[in-house]
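Visitor: Spelled out from the first residue to the last, the chains are:
Number of protein chains: 2
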Amino acid sequence: VVTTAGAEDTVTGGVSGRPTDAIIDLLGALAYGELSAFDHLAEDARMAPTLAARAKLSAVAATEFEHHCRLSDRLGELGATPEDAMAPFVAAVETYHALTEPATWAEAVVKAYVGDGLAADFYREIAAYTDAGTAALISGVLDEGGRGEFAVSEVRRELGERPGEAGRLALFARRLVGEAISQTQHVLADRDSLTALLLAGRQTTVGLPALFARLTERHGERMAALGLGN
Amino acid sequence: VVTTAGAEDTVTGGVSGRPTDAIIDLLGALAYGELSAFDHLAEDARMAPTLAARAKLSAVAATEFEHHCRLSDRLGELGATPEDAMAPFVAAVETYHALTEPATWAEAVVKAYVGDGLAADFYREIAAYTDAGTAALISGVLDEGGRGEFAVSEVRRELGERPGEAGRLALFARRLVGEAISQTQHVLADRDSLTALLLAGRQTTVGLPALFARLTERHGERMAALGLGN
Numbered sequence: 001v002v003t004t005a006g007a008e009d010t011v012t013g014g015v016s017g018r019p020t021d022a023i024i025d026l027l028g029a030l031a032y033g034e035l036s037a038f039d040h041l042a043e044d045a046r047m048a049p050t051l052a053a054r055a056k057l058s059a060v061a062a063t064e065f066e067h068h069c070r071l072s073d074r075l076g077e078l079g080a081t082p083e084d085a086m087a088p089f090v091a092a093v094e095t096y097h098a099l100t101e102p103a104t105w106a107e108a109v110v111k112a113y114v115g116d117g118l119a120a121d122f123y124r125e126i127a128a129y130t131d132a133g134t135a136a137l138i139s140g141v142l143d144e145g146g147r148g149e150f151a152v153s154e155v156r157r158e159l160g161e162r163p164g165e166a167g168r169l170a171l172f173a174r175r176l177v178g179e180a181i182s183q184t185q186h187v188l189a190d191r192d193s194l195t196a197l198l199l200a201g202r203q204t205t206v207g208l209p210a211l212f213a214r215l216t217e218r219h220g221e222r223m224a225a226l227g228l229g230n
Numbered sequence: 231v232v233t234t235a236g237a238e239d240t241v242t243g244g245v246s247g248r249p250t251d252a253i254i255d256l257l258g259a260l261a262y263g264e265l266s267a268f269d270h271l272a273e274d275a276r277m278a279p280t281l282a283a284r285a286k287l288s289a290v291a292a293t294e295f296e297h298h299c300r301l302s303d304r305l306g307e308l309g310a311t312p313e314d315a316m317a318p319f320v321a322a323v324e325t326y327h328a329l330t331e332p333a334t335w336a337e338a339v340v341k342a343y344v345g346d347g348l349a350a351d352f353y354r355e356i357a358a359y360t361d362a363g364t365a366a367l368i369s370g371v372l373d374e375g376g377r378g379e380f381a382v383s384e385v386r387r388e389l390g391e392r393p394g395e396a397g398r399l400a401l402f403a404r405r406l407v408g409e410a411i412s413q414t415q416h417v418l419a420d421r422d423s424l425t426a427l428l429l430a431g432r433q434t435t436v437g438l439p440a441l442f443a444r445l446t447e448r449h450g451e452r453m454a455a456l457g458l459g460n
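These protein sequence lines map, in sequence, to chains P and W. Heads up: the first sequence runs through residues 1 to 230, numbered per our numbering. Heads up: the second sequence runs through residues 231 to 460, numbered per our numbering.
One chain only, chain P, in its complex shape (with noise of 0.2 Å):
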């Protein structure tokens, strides 16, 4: 078990600069989690109404993939091996889908919009504690891209068609959620590195609490983007 100061350490990366355990450990689940979103996205982009939405969502796959060549490039600059660093994470990234698996088109924008944004926000928080170069990559694979505007307009398309329906979506995005957070708990119950990472964020002044009540936030203000919120 890493302490605190422990931990400290593995955030800056040591006065060598060298990366940390912390940091390969970080880029190589993002770096599963964005081959796993492309495969599973484009698997899910079958299930559009029109060859065009099709393609929107087709994109967005191609994009995840895009960017996990990115990390993988850049664990491979760090001396990591990209299959190594991301095997520990390969487990929780295919449970988390494998339960939240959408039987819909809207399931499946929803997950795209709400699934993938609360990760990329939780990702982001964890970035923040990581060296400038690390967090500038991260932040750039968590990008969006757009698909904010998609999901809304196709989920209030099929609200609009199918009122009925918005019981079933805000309790698959519920779903969503409570898979995210019980993938993340086995995570950081395995991996010392990354609970240390986040454990450096309590001698902020944001702390754990404050991250959790962030990234409720910005899921509500997805949700009610969606038309599914209270």
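Think of the hints as simulated: they come from the structure by calculation, not from any bench. It is possible that part of the hints are untrue.
Said to hold, decoys possible - Here are some, though not all, of the chain P residues that point toward chain W, as calculated from beta-carbon distances under 10 Å:
| id | residue |
| --- | --- |
| 1 | ASP39 |
| 2 | THR50 |
| 3 | SER58 |
| 4 | HIS68 |
| 5 | ALA87 |
Keep in mind it's a predicted model, so treat the numbers as computed, not measured. We put the beta carbon where it would ideally sit given N, CA and C, even for glycine.
Assemble chain W onto chain P, guided by the hints.
Guide: For chain W alone, kept in the frame of chain P given last:
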């Protein structure tokens, strides 16, 4: 039914140089083929034995999507709606994929190389009868981008470990060819414009028999490279 003279007009685009039905059909078929190849390859990549191999086939998939975008853009420039141009070819392409779903990683790799290679050769042959701009675009998106070497090393490794698989993989490759021919025939029976484009080739020194001979020869070369030749 288009006459041979009419076919020639279709092929050259006529004196005005406007895009013809045949060009729109050709780009539409190819654009849908790439979109569909994208998500099937993304799905097949999940069968990879390692994360590195999965990332490799995923990269092929992402490239197909980029090609889809170029073809879509070109359709837009020609005044066509990409979705409308793609729609007539959805059934044939999806039937091909449904009847050639790979059951193993080795089959996935054989399909990505042998099946897509055969399709690419066929499109390239048709493209030769179109205007220079269209032919260049099509030739660009049909670049195999190194997937040959990847397929060869993956299949040869598989055959090294399980020599008994050679027969099954060769049979699978034969199925790929059979279903590709079958679906191409359905499409040509349905689309006079594409048939006209092919028939135009009969007036040249090459002709259809020579075309099929070339396709067969290149297919044989790919099979031999995989260690699946006779």
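Visitor: Hint by hint, say whether it matches the structure.
Guide: Consistency of the hints with the structure:
| no. | hint | result |
| --- | --- | --- |
| 1 | ASP39 | holds, 4 Å |
| 2 | THR50 | holds, 6 Å |
| 3 | SER58 | holds, 6 Å |
| 4 | HIS68 | holds, 7 Å |
| 5 | ALA87 | holds, 7 Å |
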